[in-house]
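Using my numbering, read the sequence shown as starting at 1 and increasing by one per residue.
The hints are simulated quantities; they were obtained by calculation from the structure and are not laboratory data. Do not take every clue at face value.
[Unchecked claim] Listed below are the simulated PhoX-like cross-link pairs for lysine-lysine, each with C-alpha atoms no more than 20 angstroms apart in a straight line:
| id | residue 1 | residue 2 |
| --- | --- | --- |
| 1 | Lys220 | Lys134 |
| 2 | Lys278 | Lys226 |
| 3 | Lys48 | Lys25 |
| 4 | Lys200 | Lys134 |
| 5 | Lys25 | Lys36 |
| 6 | Lys226 | Lys264 |
| 7 | Lys278 | Lys288 |
| 8 | Lys264 | Lys283 |
| 9 | Lys79 | Lys94 |
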Amino acid sequence: MNHYTWTYLGDNGRNYRVGLLHSAKTGHLIIYIGSKIVQIDFKVFDTKEYTFFIEEELVHINLERRGNEMYFSFNIDEKTDTPRNRFRHQLERKHFYQLLIFLGAMGLLVTGIVMWGKNAKKSETERIEEMLSKGSQETVGRVMIKKLDGNRSEISYQFVADNQTYTQVSMLQSEPLILLVNPMPLEEGDEFRVRYATRKPHVNQMLFSEPMPRQIELYKERAASKHAQLNPNASLDMIQCFIQTAFEFDSLRSLADIFFQDTKPAYNLEHNLETYAKLTTNKSFLEKMEANCGHLKPE
């Protein structure tokens, strides 16, 4: 007599002892739950299946003939359309959607952390450039310079957008002599282009390499004034022609050579008395001076 038992745990925590008795000789079979017989069959010598409910759970006991041996198994049916399985599938879908939401939230969190990490590594200039690239406008900004302790200065600028004035501290580093990429020195009131985010003007950037047309004329005046100071015998007409020719020759770089013509290279590597000497002995520049200013030479 073959005797097999299984234990099924119900919803309320109750254990159901499921048993099977099968005679290999007569084939007679009994299936019981606890002390209750739920199935009796006779002369079972081949593969067969028995189905019944425990509470609301549909279960199967399978007999499978393999050669001279009979194998027995107990299985819970989770596929057949029963109230329990419908509830189970609804619960599984709910848990699946909850898992998707959780994974989505985790994905957003991880993405946010990665983006924050990348953004944290970006310089302030890079972050501003990125925001401005999404939509910006341009206007005129005016430089303000506040003297701090020692030789340090704080550089800020003002501009107007949507009838509102904005003041921004610049990230430009200050020194006793403030040099720009344009490359004239910076002074209070200088004017440059300012880019600001269309919808967020407080996100902005002064373009120190892009002086306004009026600012370029101021640079010419400053270079002319410095040249007149260092060359008192030169006539005003010749100085003005000299400055204009220098600007036409190499834009603001030539003006900077003139402005810093008495500066030592150790103080300004880019524009100094040596670069001024190179400018004023350059063959192409001298030919341009002769063509533009030759008529101003004293006879």
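Quiz prompt | Broken hints, by number | solution = 1, 5 and 8
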